[in-house]
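Asker: Residues per chain are reported as follows:
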Amino acid sequence: MSVATHETPVTAGATPRPKKKRGPDRRPGLSRSLPYLLLAPAVLLELLIHIIPMLVGIWMSFVKLTKFFIANWSAAPWAGFDNYKVAVDINNAVGEGLLKSFGVTIIFSAVTLALSWALGMAAAVALQPAFKGRSIVRTLFLVPYALPAYAGILTWNFMLQRDTGAVNHVLVDNLGLTSDRPFWLIGGNALISLITVAVWKLWTFAFLTLMAGLQSIPNDVYEAASVDGAGLVRQWRHITLPSLRPVNLVLVLVLFLWTFSDFNTPYVLFGTAQPPAGDLITFHIYNASFLTWNFGSGAAMSVLLLIFLMIVTGAYLLVTGRRSRRA
Amino acid sequence: MRDTKGFKIYRAVVLAVLGLFVLVPLYVMVTSSMKPLSDVQGAFTWWPSNLTLDPFVDMWRTVPLARYFVNSTIVSVAATAFSVAIAILAAFAVSRFRFRGRTVFSTTVLSTQMFPGVLFLLPLFLIFVNINNSTGVQLVGTRLGLIITYLTFSLPFSIWMLAGYFDSIPRELDEAALVDGCGPMGALWRVVLPAARPGVIAVAIYSFMTAWGEVLFASVMTTEANRTLSVGLRQYSTQTNVYWNQIMAAALVVSIPVVIGFLLAQRHFVAGVTAGAVK
Amino acid sequence: MRLRSLVAAVAVSALGISLAACGGSDSGDSSGGGGGGDATLTYWASNQGTSLDNDKQVLTPVLEKFTQETGVKVNLEVIGWNDLQTRIQTAITSGQAPDVVNIGNTWAASLQATDAFLPFDGDAMTAIGGKDKFVPTALATGGKEGTDPTSVPLYGLAYGLYYNKAMFQQAGLQPPKTWEEMVAAAKKLTNPAKNQWGMALAAGSYTENVHFAFINAAQNKSEWFNAEGKPTFTSDGNVQGVLRYLDLMQKDKVANPSNAQYDNGTKAVNDFATKKVAMVINQNNANSSIVANGMKPGEYGVVPFPAPAGGEQVASHVAGINLSIFKTTKNKDAALKFVKYMTDAPTQTTLGKPFASLPVLKDAKPAFTSDAAEAATFSDIYNTKSKPLPLVPAEDQYESTVGKAMNSMFAKIATGGTVTADEVKAALKTAEDQVAASS
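Residue numbers (the numbering used here), protein chains in the order written: chain A, 1 to 327; chain W, 1001 to 1279; chain S, 2001 to 2439.
These aren't lab readings, by the way, just hints derived from the structure by calculation. Ideal Cβ positions, reconstructed from N, Cα and C, are used throughout, including at glycine. Take the hints with a grain of salt, since some may be wrong.
Result set (EDC-like, lysine to aspartate or glutamate): computed pairs, CA atoms no more than 16 Å apart in a straight line [as the list claims (entries may be wrong)]:
{"id": "1", "chain 1": "S", "residue 1": "Lys2144", "chain 2": "S", "residue 2": "Glu2228"}
{"id": "2", "chain 1": "S", "residue 1": "Lys2296", "chain 2": "S", "residue 2": "Asp2371"}
{"id": "3", "chain 1": "S", "residue 1": "Lys2133", "chain 2": "S", "residue 2": "Asp2344"}
{"id": "4", "chain 1": "S", "residue 1": "Lys2327", "chain 2": "S", "residue 2": "Asp2123"}
{"id": "5", "chain 1": "S", "residue 1": "Lys2429", "chain 2": "A", "residue 2": "Glu96"}
{"id": "6", "chain 1": "S", "residue 1": "Lys2194", "chain 2": "A", "residue 2": "Glu96"}
{"id": "7", "chain 1": "S", "residue 1": "Lys2412", "chain 2": "A", "residue 2": "Asp180"}
{"id": "8", "chain 1": "S", "residue 1": "Lys2056", "chain 2": "W", "residue 2": "Glu1224"}
{"id": "9", "chain 1": "S", "residue 1": "Lys2340", "chain 2": "S", "residue 2": "Glu2069"}
{"id": "10", "chain 1": "S", "residue 1": "Lys2276", "chain 2": "A", "residue 2": "Asp163"}
{"id": "11", "chain 1": "A", "residue 1": "Lys85", "chain 2": "S", "residue 2": "Asp2433"}
{"id": "12", "chain 1": "S", "residue 1": "Lys2177", "chain 2": "A", "residue 2": "Asp220"}
{"id": "13", "chain 1": "S", "residue 1": "Lys2332", "chain 2": "S", "residue 2": "Glu2181"}
{"id": "14", "chain 1": "S", "residue 1": "Lys2353", "chain 2": "S", "residue 2": "Asp2371"}
{"id": "15", "chain 1": "S", "residue 1": "Lys2144", "chain 2": "S", "residue 2": "Asp2115"}
{"id": "16", "chain 1": "S", "residue 1": "Lys2362", "chain 2": "S", "residue 2": "Asp2333"}
{"id": "17", "chain 1": "S", "residue 1": "Lys2365", "chain 2": "S", "residue 2": "Asp2380"}
{"id": "18", "chain 1": "S", "residue 1": "Lys2131", "chain 2": "S", "residue 2": "Asp2344"}
{"id": "19", "chain 1": "S", "residue 1": "Lys2253", "chain 2": "S", "residue 2": "Glu2181"}
So the derived label-pair ranges between C-beta atoms look like this [to be verified]:
{"id": "20", "chain 1": "W", "residue 1": "Gly1101", "chain 2": "A", "residue 2": "Met310", "range": "18 to 24 Å"}
{"id": "21", "chain 1": "W", "residue 1": "Gly1186", "chain 2": "A", "residue 2": "Val312", "range": "39 to 45 Å"}
{"id": "22", "chain 1": "W", "residue 1": "Ala1043", "chain 2": "A", "residue 2": "Gly314", "range": "50 to 56 Å"}
Next up, chain A with everything else stripped away, as it sits in the complex:
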């Protein structure tokens, strides 16, 4: 993902040349093969855990791998593009379900990303100048990120219960906003809950990254600006934001990829009773595979998701890359 952005600034010219000079006159054979030896364990593991399984997954998407064949794979008939046709045919129930889930995921991903970034930025800016207790606050803000995902989500699940949950206790009993206890884990509100929980966990990552980025902006830049009479908002727009650009480029992409393929949040929050409004796409595919035993169809949906993510990421890198070159 964030690779390509990393690729650009690497000081490719400066680094290896001295070594090239030095290498050959000492141990030529080793020097040439050394980088490959260093990479070998990583490559082998990536092949085993990521690449080969993905290729097998792609193969699965082209066979009719239903419950009649999962015990004997080699007998599964070739399906060609049938699995894909069913998945993208929005006039049939399966395709329609996938499309709806895709729509829900886009909303979820966009809102979660925007909120996480906004909250992370707000907190990072607030904590930029030193003050008493800053490190305590910063430590506190990092707890949701440090917490294992399922522990945090289970707590939210408990809080979002209709009759016994803390959220309704606040809204109905303490504040008296409504007399009717709303549902948070079923119906339309489920999406709000899902976003809240995801933001709770993710904004602190945005905060962490942005805070780190802010540390690299020298303080006198701000001082000079305020001497010139620039207000806080202008300082933020003209100094903070442009300086954080490289951080933001990576952060937004990472947040997008994480939210779009988020599985833990819906899986732990809803269990087996997931509402349509909270039907995120990886969860949808998981159910399509394991609940209806149609692994071929599930694999086809995953491949479509992968293609989508690749296109978006590629386009993103292309656009941002071009713009930064121009700038």
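For chain A, the structure is supplied; the task is to place chains W and S on it using the hints.
Answerer: Below, chains W and S without anything else, positioned relative to chain A:
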């Protein structure tokens, strides 16, 4: 300069709102873990009226939590150790050598972060079974299988972050080491690694958290023998009851080691992330 | 775990991937089976008791006795319901399976279709004691009609309508014999202002919901699949049956809308045990939860879940747990012995009480309760008023699609919407299309 009144108000508001947002769930988790079962099943109360520590005792009995704890610890520690070691080697190669396939390697490895887990969950399971059948190495239902899987999950990000970190270390230092008669590995060990310690710590934290919190693969790849906490916690919802107080107590207890570890080392994590992201 | 073996494993898999991709079943290794010496069986048991640990405690002495009698060791793993289906799927897919496994009997026909399980044909059936020892309806759940079953009943379960005796007495009510009486009684015992409700429904659990879709439709003499195994979800009887059940919350308002969030039967039973509701429909294994949550055995009664006047007397599906043997077993004889042992009268009696199950054997007395009337009621329901869920390969999809459709409709009702017969029909049509598309 920015100690204006406007900024102070802004800061107070942000800290109050976000502080509440962060704290309330933590508060609920802690207090609910100290309530009797009947209280957590009834209407929510901010103050526990009957304080009890029983959930912290009972939780070890309802579910074999201690065993899951051991499993999670072994798996996460081993995955972290291997992941960091392998990532250091790969990042060193990417940062300090120019070789054929370097770009292909970095791009491919990082793009694996995009693969939806559901796509390769079942194939990976099958490959593990085949390895078992052909070599006798048991990977399904063992900690070894989880360790290999998890260490690979954190590998791409770790390599990327460390390569960025290594890039920020002046090459003159390596050269000095080379002049002193060290080989490239000696330079890595004596010069680059010590200078990159914050980055290594950051990567280690990241790997550990990845392994400690993974749910999807654990739900398929674990059996009773190697079940980890992430799926073990679900078992507090039994056929007869949902033990909310024990769930909260267990969630609290399994979080404490990670949270403390993370907070202790957070400065390095920040530095590591910065080096990776900002250049 | 040494690095060398790790690297070796990686290398081997990289080279052998062409085999890995499609060699799934042929070299299957039963994980428990060691060659030579005394046979060892691996047994996956489902969660029947109050916790996984409780199951283990109950089963261990039973398994030890089996080892004493036969010399066959049994490796037990108890698996929670959340994980059981996935674990069975991966076991089938990979061929790395236990020898004997518990399945929800409603999955029997679906699992049979995978061809991963040993059919209990003539010889195998004789080896486990012959088919005549089982209650016929229970055995009928073992697989598709007209085939050799791939599973045999182990624990029998049936739905009953539990009612709070004191509440009924105070309100001057008799236990209901028809649907109409049940609704009337529930209405009388509902008082939302006091948070008192006539009934509790596990309306957020798709498995529970689909059972009631099935039972209510069966009371209307309606079927979900035709003789060719094609789905017929949208028939009038099915739509009306589903709507009747939904109306408990929607029109009759005898169930707390919160029930739409109850994602397992346990929560509804807890409400009953803590006396927040007067009635709950649950399987007979609810007894242990009821008692665990503070209600005494004499405080509740059980009657069959009633059909509307003039309807078919179906009070339950034939619920329960079946036993299957994986074809990949290397210890077929030992596995058959084990199945025989588990389904013989003494074991049935021993396990009947802690797991609150009905015996699956003819002429056996239920041991799960000391209340003779309750035992008689459940035996009657199980033996004469239950009908198996559709015995077709697509049964699992029926469960998930129709069940989830009902979850959504309950959610809509609970959040203030209404669901009409047309909408029920449309939802069932979508479910039907999903089943048709993936079969």
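Asker: Now tell me if each hint is right for this structure.
Answerer: Status of each hint after checking the structure:
Proximity of lysine 2144 of chain S to glutamate 2228 of chain S is assessed by CA-CA distance (about 12 Å); at most 16 Å being required, the pair is judged to hold. This hinted pair checks out: lysine 2296 of chain S and aspartate 2371 of chain S have alpha carbons roughly 12 Å apart, not beyond 16 Å. A C-alpha spacing of about 9 Å is found between lysine 2133 of chain S and aspartate 2344 of chain S, which places the hinted pair at or below 16 Å, so the restraint holds. At most 16 Å may separate the alpha-carbon atoms for a hinted pair to count; lysine 2327 of chain S and aspartate 2123 of chain S meet this at roughly 15 Å.
Between lysine 2429 of chain S and glutamate 96 of chain A, the direct Cα distance comes to roughly 13 Å. Compliance with the 16 Å bound is thereby established for this hinted pair. The straight-line distance between the Cα atoms of lysine 2194 of chain S and glutamate 96 of chain A is roughly 43 Å, outside the 16 Å bound, and the hint therefore fails. Taking the CA atoms of lysine 2412 of chain S and aspartate 180 of chain A, the gap is about 15 Å. The hint holds against a cut of 16 Å. A C-alpha spacing of about 12 Å is found between lysine 2056 of chain S and glutamate 1224 of chain W, which places the hinted pair at or below 16 Å, so the restraint holds.
Taking the CA atoms of lysine 2340 of chain S and glutamate 2069 of chain S, the gap is about 13 Å. The hint holds against a cut of 16 Å. With a CA separation close to 13 Å, the supplied pair lysine 2276 of chain S and aspartate 163 of chain A stays within the 16 Å bound. For the hint linking lysine 85 of chain A to aspartate 2433 of chain S, the alpha-carbon distance of about 15 Å falls within 16 Å, and the restraint holds. Only pairs whose Cα atoms come within 16 Å are accepted, and lysine 2177 of chain S paired with aspartate 220 of chain A is rejected, the gap being roughly 85 Å.
With a CA separation close to 52 Å, the supplied pair lysine 2332 of chain S and glutamate 2181 of chain S exceeds the 16 Å bound. Taking the CA atoms of lysine 2353 of chain S and aspartate 2371 of chain S, the gap is about 12 Å. The hint holds against a cut of 16 Å. Restraint check for lysine 2144 of chain S and aspartate 2115 of chain S: satisfied, since their Cα atoms lie roughly 12 Å apart, inside the 16 Å limit. Proximity of lysine 2362 of chain S to aspartate 2333 of chain S is assessed by CA-CA distance (about 25 Å); at most 16 Å being required, the pair is judged violated.
Using a Cα cut-off of 16 Å, the hinted pair lysine 2365 of chain S and aspartate 2380 of chain S holds, with the two alpha carbons roughly 11 Å apart. Simply put, lysine 2131 of chain S and aspartate 2344 of chain S have alpha-carbon atoms about 12 Å apart, close enough for the 16 Å limit, and the pair holds. At roughly 15 Å between alpha-carbon atoms, lysine 2253 of chain S and glutamate 2181 of chain S fall within 16 Å of each other, so this suggested pair holds. Checked against the hint of 18 to 24 Å, the C-beta distance between glycine 1101 of chain W and methionine 310 of chain A comes to roughly 20 Å, which is consistent with it.
A C-beta distance of roughly 44 Å is found between glycine 1186 of chain W and valine 312 of chain A, which places it inside the suggested range of 39 to 45 Å. Taken as a hint, the range 50 to 56 Å holds for the pair alanine 1043 of chain W and glycine 314 of chain A, whose Cβ atoms sit roughly 52 Å apart.
Figure legend: structure checked against the earlier numbered hints; hints not met, in rising order: 6, 12, 13, 16.
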